[in-house]
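S.K.: The residues making up each chain are set out below.
Protein chains: 2
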Amino acid sequence: MPNSKYIARARAHSNIAFIKYWGNRDDALRLPANSSLSMNLAALHSTTTVEWSEERSADSLTINDAEAGAAALERVRAHLNLLRERLGTSMFARVESSNNFPMGAGIASSASAFAALTLAAVAALGVEVPQRQLSTLARLGSGSASRSIPGGFVEWLAGDFHETSYAESIAEREHWDLVDIIAIVSRRHKRVGSSAGHRTADTSVLQSARVETVDERLRKVKGAIMNRDFSALAGIVEADSNLMHAVMMTSDPALFYWLPLSLAVMQAARRWRLEEGLRVCYTLDAGPNVHCICVAADAERVAGRLAALSPDIEIVRSGPGPGAFLLPRA
Amino acid sequence: MPNSKYIARARAHSNIAFIKYWGNRDDALRLPANSSLSMNLAALHSTTTVEWSEERSADSLTINDAEAGAAALERVRAHLNLLRERLGTSMFARVESSNNFPMGAGIASSASAFAALTLAAVAALGVEVPQRQLSTLARLGSGSASRSIPGGFVEWLAGDFHETSYAESIAEREHWDLVDIIAIVSRRHKRVGSSAGHRTADTSVLQSARVETVDERLRKVKGAIMNRDFSALAGIVEADSNLMHAVMMTSDPALFYWLPLSLAVMQAARRWRLEEGLRVCYTLDAGPNVHCICVAADAERVAGRLAALSPDIEIVRSGPGPGAFLLPRA
Chain C
1 MPNSKYIARA
11 RAHSNIAFIK
21 YWGNRDDALR
31 LPANSSLSMN
41 LAALHSTTTV
51 EWSEERSADS
61 LTINDAEAGA
71 AALERVRAHL
81 NLLRERLGTS
91 MFARVESSNN
101 FPMGAGIASS
111 ASAFAALTLA
121 AVAALGVEVP
131 QRQLSTLARL
141 GSGSASRSIP
151 GGFVEWLAGD
161 FHETSYAESI
171 AEREHWDLVD
181 IIAIVSRRHK
191 RVGSSAGHRT
201 ADTSVLQSAR
211 VETVDERLRK
221 VKGAIMNRDF
231 SALAGIVEAD
241 SNLMHAVMMT
251 SDPALFYWLP
261 LSLAVMQAAR
271 RWRLEEGLRV
281 CYTLDAGPNV
291 HCICVAADAE
301 RVAGRLAALS
311 PDIEIVRSGP
321 GPGAFLLPRA
Chain X
1 MPNSKYIARA
11 RAHSNIAFIK
21 YWGNRDDALR
31 LPANSSLSMN
41 LAALHSTTTV
51 EWSEERSADS
61 LTINDAEAGA
71 AALERVRAHL
81 NLLRERLGTS
91 MFARVESSNN
101 FPMGAGIASS
111 ASAFAALTLA
121 AVAALGVEVP
131 QRQLSTLARL
141 GSGSASRSIP
151 GGFVEWLAGD
161 FHETSYAESI
171 AEREHWDLVD
181 IIAIVSRRHK
191 RVGSSAGHRT
201 ADTSVLQSAR
211 VETVDERLRK
221 VKGAIMNRDF
231 SALAGIVEAD
241 SNLMHAVMMT
251 SDPALFYWLP
261 LSLAVMQAAR
271 RWRLEEGLRV
281 CYTLDAGPNV
291 HCICVAADAE
301 RVAGRLAALS
311 PDIEIVRSGP
321 GPGAFLLPRA
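The listed protein sequences derive, respectively, from chains C and X. Read in order, the letters of the first sequence are residues 1 to 330 in our numbering. Read in order, the letters of the second sequence are residues 1 to 330 in our numbering.
Extracted from the complex, chain C is given alone in its bound form (with noise of 0.2 Å):
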């Protein structure tokens, strides 16, 4: 890129929520349903340069270096509409972003992707934003970006309005060394993406009684946090993403994100915790790949068990991650 005054360059990672976000109060603000809560993941990021220019006459966007489809671009022209928007100025952008890992599997392209968006967008140009504010930014672009944000341990509390919905660190990243290994069971983009599955949730008879009951979780999953008490963190884990899926799979049309190859990996997990005590739990966003999340002493065990499990699951590692921040200039 030229030598250019509105230029920034920012990294985002990934996140794995703990508490999941399902479903949205306000759909154009993505004002979510229920609180929730993540780790941020240090293996998996997203690298994104923003340089607005007043002589470009529309926004552009490449992906991993490749100019991206129409969908990607559409959504990146509507987040940059509402930052200019918000932010006060009618600029064009040129967007260059990258991933480290495969978009569209379930691990959360979208909420590094925005996060990272967000940030350099404000940067380039030249204003200081709050994280808080810059959480809240993010949140439009993607529900869970608000959570790429800030570091470590993250809650995003759902708030009444724009400005109260945010997420903040609850622990840094140095607080627990939890290890997600992901089982990659498929790297097939998945059919129903998260924005379109938000709108289904309340289609699902059971969402009400997961939004219900969902603080009363949170409160016990921060608590075991705090405490670095894997036990307590455990069953509510596995109990909220079951929680989540169970509304998926009730909704109208309904949504089954696992596929057979999740399962048996759930049900793995589940097994050598209770019955041979290695500590690992496991949890699904929106998309089959099985997030088992351990203790760093019983990484390597999980990881061995998990390559035994079928010749057909890969393996990516990570512990927790930093929020976002800006890169020099590439």
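Mixed in with the good hints there might be a few duds.
Pairs involving identical chains hold if they fit within one copy or between any two copies, as the list cannot separate such chains.
[What the hints assert, rightly or not] Listed below are the simulated SDA-like cross-link pairs for lysine to any residue, each with C-alpha atoms no more than 20 Å apart in a straight line:
hint, residue 1, residue 2
1, K222, R77
2, K5, E54
3, K220, T203
4, K220, A254
It should be emphasised that the hints constitute simulated quantities derived from the structure, not laboratory data.
Following the hints, put chain X in place on chain C, whose structure we already have.
M.R.: Showing chain X alone in chain C's frame:
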């Protein structure tokens, strides 16, 4: 058996629920949380001989010509105790029961077994009771046994107390030639039996939402059966099965009856219907085997596809079955 006054032999068929029974308002009386609806299965039945005798000092039980284990004997004795009390006899019974299908694999051996046992036990005493009362008595042994007393397509009215919680035919077996193609994915005895499972239903925060909305689904399924409208039937049957399993897997402890192969069959059946127009839908009781309900004209194709899906799938095929009936003494 010796020539005796108090002897009778009865047969009852298994049934597959289109609207599920899960959870009791009263565990001792097996008064269900909700009304349910099922189809009796012609191909799967239990045949039971009961001989009451004043000379016996204890009940005895054989299943498939072998002396029954302690747990099965205990459950049958408990049921005979209730029958003795309600029918006014103090005699003990010799019970010989046989099934033409594997027990405990989720094709409801307890339904046909307790329906046949109840009819034989009552008839052996020379008592004549109306079908409605027989259904209440069978319910005391196994909730779904109440539905194996009447024939064809059967509704079990939840009722408010013992006498009003019984099943009745809503259509005879000849009304609609549906076929249940059961994909047996495991013959292993399930780890958590239905009776224990029912007691966990209220530990799921989703159970009340399932129960509160079931009458609407029941009404739709009855209408679909009356009109022989398969496309109206299919979506509700799958949704109600998903709802029950959503409750199960969000109970404490979580109950997963699905195996990975169960999920593969479910997703295939749904795909065959939605993408290729085959008139088939899936439903699972408290076990891993997948009941593929289809119209007779598509049964061959469904069976062929199931067989091709995995060499680990065995197939049992059944049309609608009759209610419980008496047989000549063996």
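S.K.: Given identical chains, is K222 near R77, meaning Cα to Cα at most 20 Å, within a copy, between copies, both, or neither?
M.R.: neither (36 Å within a copy, 49 Å between copies)
S.K.: Treating 20 Å as the Cα threshold, decide for K220 and A254: within, between, both or neither.
M.R.: Between copies only: 18 Å across, 30 Å inside.
S.K.: Within a copy, between copies, both or neither: where do K5 and E54 come within 20 Å Cα-Cα?
M.R.: within (11 Å within a copy, 102 Å between copies)
S.K.: Since the copies are identical, ignore which copy is meant and state whether K220 and T203 lie within 20 Å (CA to CA) inside a copy, between copies, both or neither.
M.R.: Between copies only: 17 Å across chains, 28 Å inside a chain, cut-off 20 Å.
Consistency with the previously given hints fails for number 1 only.
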